[in-house]
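**Q** Starting from the known structure of chain F, fit chain X onto it as the hints suggest.
Chains as they are written, first to last, in my numbering: chain F, 73 to 152; chain X, 30 to 430.
It is possible that part of the hints are untrue.
[To be verified] Label-pair restraints from in silico Cβ distances:
| hint | chain 1 | residue 1 | chain 2 | residue 2 | range |
| --- | --- | --- | --- | --- | --- |
| 1 | F | Pro114 | X | Glu163 | 52 to 62 Å |
| 2 | X | Asp325 | F | Trp105 | 34 to 44 Å |
| 3 | F | Lys138 | X | Gly312 | 40 to 50 Å |
| 4 | X | Asp325 | F | Pro114 | 47 to 57 Å |
It is worth saying that the hints were derived from the structure and are not from the lab.
We put the CB at the ideal spot given by N, CA and C, even for glycine.
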Amino acid sequence: MSAKAHLTIDRIRCDGHGLCAELLPELVRLDDWGYPIIAPGPIPDHLVAHAQNAMTACPVLALALKRAEKPDDGRNPRHR
Amino acid sequence: MIRQRLLAGPDLSRGPEGLAWHVQRLGPPPVIGPALIDVVESSGLTGRGGAAFPVGTKWRSIARRHAGQPVVVVNGAEGEPQSLKDRVLMTARPHLVLDGALLAARALRASRIAVVIGESHRDALASMSAALAERPEPELRQARIVIAPPRYVAGESSATVRLVGSGIARPTTRPPSMHEAGVDGRPTLVQNVESLAHVALIARFGAGWFGAGTVLITVVGAASAPGVLEVEPGTSVREVFAAAGGGSRATRAILLGGYFGAWVGAGKAWDLPIDPVALRDRGLTLGCGVVGFLHDAGCGVCETARIMRYLASESSAQCGPCFFGLRALADATARIGERGSNPEDLARLHRWSQEVAGRGACRHPDGAVIFLRSALAVFAEEFANHPPHWRAESSQPRRIA
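Bound-form chain F, shown alone (with noise of 0.2 Å):
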């Protein structure tokens, strides 16, 4: 039951500071706009510290790491 953690981001408190993008650049990069893209996936062991590191340095604590396999919540791509 050890479920991996996962980098998830609150896109509306996200403003694009990139400061996740200098601190975990080997899982986040960032568009065209500034705004960051996390890598699919798990944060690999060796990466969890540095994940908590860069949580905390977002100026808007929109980062978060999540113990779910896969975050469900009953949404639908085209649901309006």
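**A** What follows is chain X alone, placed relative to chain F:
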């Protein structure tokens, strides 16, 4: 084929059907509580707001929650500019929608009902308000009408919940899902008006009677008699075109599902069934039921540019990738339309439409890039060799073709 169920009864030109006529024609709705969940589940009814999610499954997951009395949000925002079916239904058969809402509330033991209606749907607002006023006192107290601003995203389910709770029609970050914590933190059912109208009939006549049901669609574009039709789910796109009067010109592409849907080349589209579940299984969507016909003189690139510009302007500007990404995508599409094809913009369209997907709180950016990618595939030839002929005369959405 055409089959009238929701729109059966007096001719639509005669306006809203009053309570007395409604009850005389269909009988009163049965008094049934949580047992209705089983009936709805076995009917196989799917949501008609665009997701085609099984209605019974959704109800059951809300009935399971214990975080206070649930709230029912009736979604008649109909923010999709091409769609008319929800407002036609609310205008003509308001009591069918209210019956469905009240039945849902009883099944889920919900105390409150909020009927969300788009501000610009004036006939629907008048009809639903008048219908509610005809209802007996307890029902009148239970339900209220909430006016949604005329924005595309206002009909997104979390945006309707936020609108009802706090007056702001913008999506929220999930989790928590609305099933867990929606309006005032209570479990909340958000259900499209058409879905609820079907419930009103299923409760009366049973899951077996429902069969495959019917679907309300809006035919737009190059058909002689565009408008709202009620059809059986197996009906083909070809039959829909014929039922909408056909057209004098050859059709080159069909927009299935409206602005959140996809372009399909005419050759492939004619035999597709107007069936939310069957289309979903083919990687397409019926969405909110818009079927648009583009005739052979229409330009796929320019139509796509117009629609992308509209979708970009309808971002609620909360999430960077959606706000900036859709604008950049719309600009690049418009540049190809205006100044002609260029490999840089084409490469950007392909890359950005992959990057933007899945990076908003709601699925507005996802819907927009699914639509764009379908255009890049169906109009690949035009995107690669587009002459500079389009002038961006306005940012207003236009009927396709």
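**Q** For proline 114 (chain F) and glutamate 163 (chain X), compare the CB-CB distance with the range 52 to 62 Å and indicate the outcome.
**A** holds, 56 Å
**Q** Does 34 to 44 Å hold as the CB distance between aspartate 325 (chain X) and tryptophan 105 (chain F), or does it fail?
**A** Distance hint for aspartate 325 (chain X), tryptophan 105 (chain F) holds at roughly 38 Å.
**Q** Kindly confirm whether 40 to 50 Å is satisfied by the beta carbon distance between lysine 138 (chain F) and glycine 312 (chain X).
**A** Cβ of lysine 138 (chain F) to Cβ of glycine 312 (chain X): about 28 Å, so the range 40 to 50 Å is violated.
**Q** Could you say whether the range 47 to 57 Å given as a hint is met by the Cβ separation of aspartate 325 (chain X) and proline 114 (chain F)?
**A** Because 50 Å falls inside the window, the suggested range holds.
Taken one by one, the earlier hints fail for this structure only at number 3.
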